[in-house]
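Participant: Sequence:
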Amino acid sequence: MSDRVGGFFLLLACIAVPIIIVDYRITMSGFDGGVDATNAERVAYAKQVYSKVAIGWTFEILAVAFIATASIIFMNRSSRAGWALAAIGAVTTLPMYPFMLGGYGEVLSTADPDVELFAIIRAMSNVSFLVGQGLMMLGFALVLWIERHSADRLFPRWAHLVGIAANTAAGVVLFLIYFDQMSSFVVGGMFALIGFAVMALFGASAALPGVNKRPSVAEAA
3 MSDRVGGFFL
13 LLACIAVPII
23 IVDYRITMSG
33 FDGGVDATNA
43 ERVAYAKQVY
53 SKVAIGWTFE
63 ILAVAFIATA
73 SIIFMNRSSR
83 AGWALAAIGA
93 VTTLPMYPFM
103 LGGYGEVLST
113 ADPDVELFAI
123 IRAMSNVSFL
133 VGQGLMMLGF
143 ALVLWIERHS
153 ADRLFPRWAH
163 LVGIAANTAA
173 GVVLFLIYFD
183 QMSSFVVGGM
193 FALIGFAVMA
203 LFGASAALPG
213 VNKRPSVAEA
223 A
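Taking our numbering, I'd label the letters of the sequence shown as residues 3 to 223.
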């Protein structure tokens, strides 16, 4: 029963997060400043769109909490090492949301926002996001790597391989950005969407065991 609950949480989260990511990217595409924009320019645009993106963040914090919960539940599986890493990543990500929902909200609600304080909150949020999500995606990749030969594997190996590649790529990109070796997450974001799709399949397979049940040798005969 616990695995079904964990699967349901993982399924909901891995459907919600990509939707929120795409909506956020569409909203932020209206910002013309680019990576070299000044903090004053970022504050001005953030003030315009904050009420919209805050709605997504409100749901995203619940989704990441669901991923952390599902990861803890799934530690009874052979892939526990990967789930432990994913759980740590999700928990590391969670402090980002109070910074953005509480910190940004207070700063941007004033008539004359404090640009320096905004920059500090943004820097703290970035560390939480890049490290936390990087660990989480690599944790997902490790889960799928271990599960691909597991006796209780939930879906075909080719789907595991797709998920391993996508989650690993997304995790590596996040850490490259963290170490200032990349400046954009666009490429990593594409891989992340694929990675979340595979993990949603994992969640669905755990929540509804009959969906991707593989035939036994006797059944196949």
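Worth flagging that the hints you see were computed from the coordinates, not collected in a lab. If you're wondering where the values come from, they're calculated on a predicted model, not measured in any experiment. Don't be surprised by glycine CBs; every beta carbon is placed ideally from N, CA and C. Heads up, some of the hints might be wrong.
[Stated by the list, open to error] Computed spacing ranges between beta-carbons, pair by pair:
1) R159 <-> I28: 12 to 22 angstroms
2) G107 <-> A167: 14 to 24 angstroms
3) Y47 <-> V189: 46 to 56 angstroms
4) Y47 <-> A153: 45 to 55 angstroms
5) G32 <-> S80: 44 to 54 angstroms
[What the hints assert, rightly or not] Computed list of lysine to any residue pairs in SDA-like fashion (alpha-carbon distance at most 20 angstroms, straight line):
6) K49 <-> V7
7) K54 <-> D25
8) K54 <-> A113
9) K49 <-> T71
10) K54 <-> G32
11) K54 <-> P158
12) K54 <-> P20
13) K49 <-> P115
14) K54 <-> D5
15) K54 <-> L110
16) K49 <-> V117
17) K49 <-> I122
18) K49 <-> I28
19) K54 <-> R124
20) K54 <-> R44
21) K54 <-> R79
22) K54 <-> I123
23) K49 <-> I148
24) K49 <-> V133
25) K49 <-> D116
26) K49 <-> N128
27) K49 <-> L64
28) K54 <-> E108
29) K54 <-> V24
30) K54 <-> D38
31) K54 <-> F33
32) K54 <-> S31
33) K49 <-> A67
Participant: A separate judgement is required for each hint: does it hold in the structure or not?
Facilitator: Evaluated hints:
1. R159 <-> I28: 12 to 22 angstroms: Given range 12 to 22 angstroms: violated, Cβ gap about 35 angstroms.
2. G107 <-> A167: 14 to 24 angstroms: Between G107 and A167, where Cβ atoms are some 38 angstroms apart, the hint is violated.
3. Y47 <-> V189: 46 to 56 angstroms: Check failed, 23 angstroms falls outside 46 to 56 angstroms.
4. Y47 <-> A153: 45 to 55 angstroms: Because 52 angstroms falls inside the window, the suggested range holds.
5. G32 <-> S80: 44 to 54 angstroms: Distance hint for G32, S80 holds at roughly 46 angstroms.
6. K49 <-> V7: 39 angstroms, violated
7. K54 <-> D25: Status holds; Cα separation ~10 angstroms.
8. K54 <-> A113: Given pair K54, A113 holds - Cα atoms ~19 angstroms apart, limit 20 angstroms.
9. K49 <-> T71: 33 angstroms, violated
10. K54 <-> G32: 13 angstroms, holds
11. K54 <-> P158: 39 angstroms, violated
12. K54 <-> P20: 16 angstroms, holds
13. K49 <-> P115: 9 angstroms, holds
14. K54 <-> D5: Violated: K54 and D5 sit about 34 angstroms apart, past 20 angstroms.
15. K54 <-> L110: 13 angstroms, holds
16. K49 <-> V117: Distance ~11 angstroms between K49 and V117 Cα, so the pair holds.
17. K49 <-> I122: 16 angstroms, holds
18. K49 <-> I28: 16 angstroms, holds
19. K54 <-> R124: Roughly 17 angstroms between the alpha carbons, so the hint for K54 and R124 holds.
20. K54 <-> R44: Holds, at roughly 15 angstroms.
21. K54 <-> R79: Since the Cα atoms of K54 and R79 sit roughly 39 angstroms apart, the hinted pair is violated (cutoff 20 angstroms).
22. K54 <-> I123: 19 angstroms, holds
23. K49 <-> I148: Distance ~45 angstroms between K49 and I148 Cα, so the pair is violated.
24. K49 <-> V133: 26 angstroms, violated
25. K49 <-> D116: Cα-Cα ~12 angstroms, so holds.
26. K49 <-> N128: With a Cα-Cα distance of about 18 angstroms, the restraint between K49 and N128 holds, given a limit of 20 angstroms.
27. K49 <-> L64: 24 angstroms, violated
28. K54 <-> E108: 15 angstroms, holds
29. K54 <-> V24: 13 angstroms, holds
30. K54 <-> D38: Violated: K54 and D38 sit about 24 angstroms apart, past 20 angstroms.
31. K54 <-> F33: Between K54 and F33 the Cα gap is close to 14 angstroms, so the pair holds against 20 angstroms.
32. K54 <-> S31: Within the cut-off at roughly 14 angstroms; holds.
33. K49 <-> A67: 27 angstroms, violated
Hints 1, 2, 3, 6, 9, 11, 14, 21, 23, 24, 27, 30, 33, counting from the list given before, are not met by this structure.
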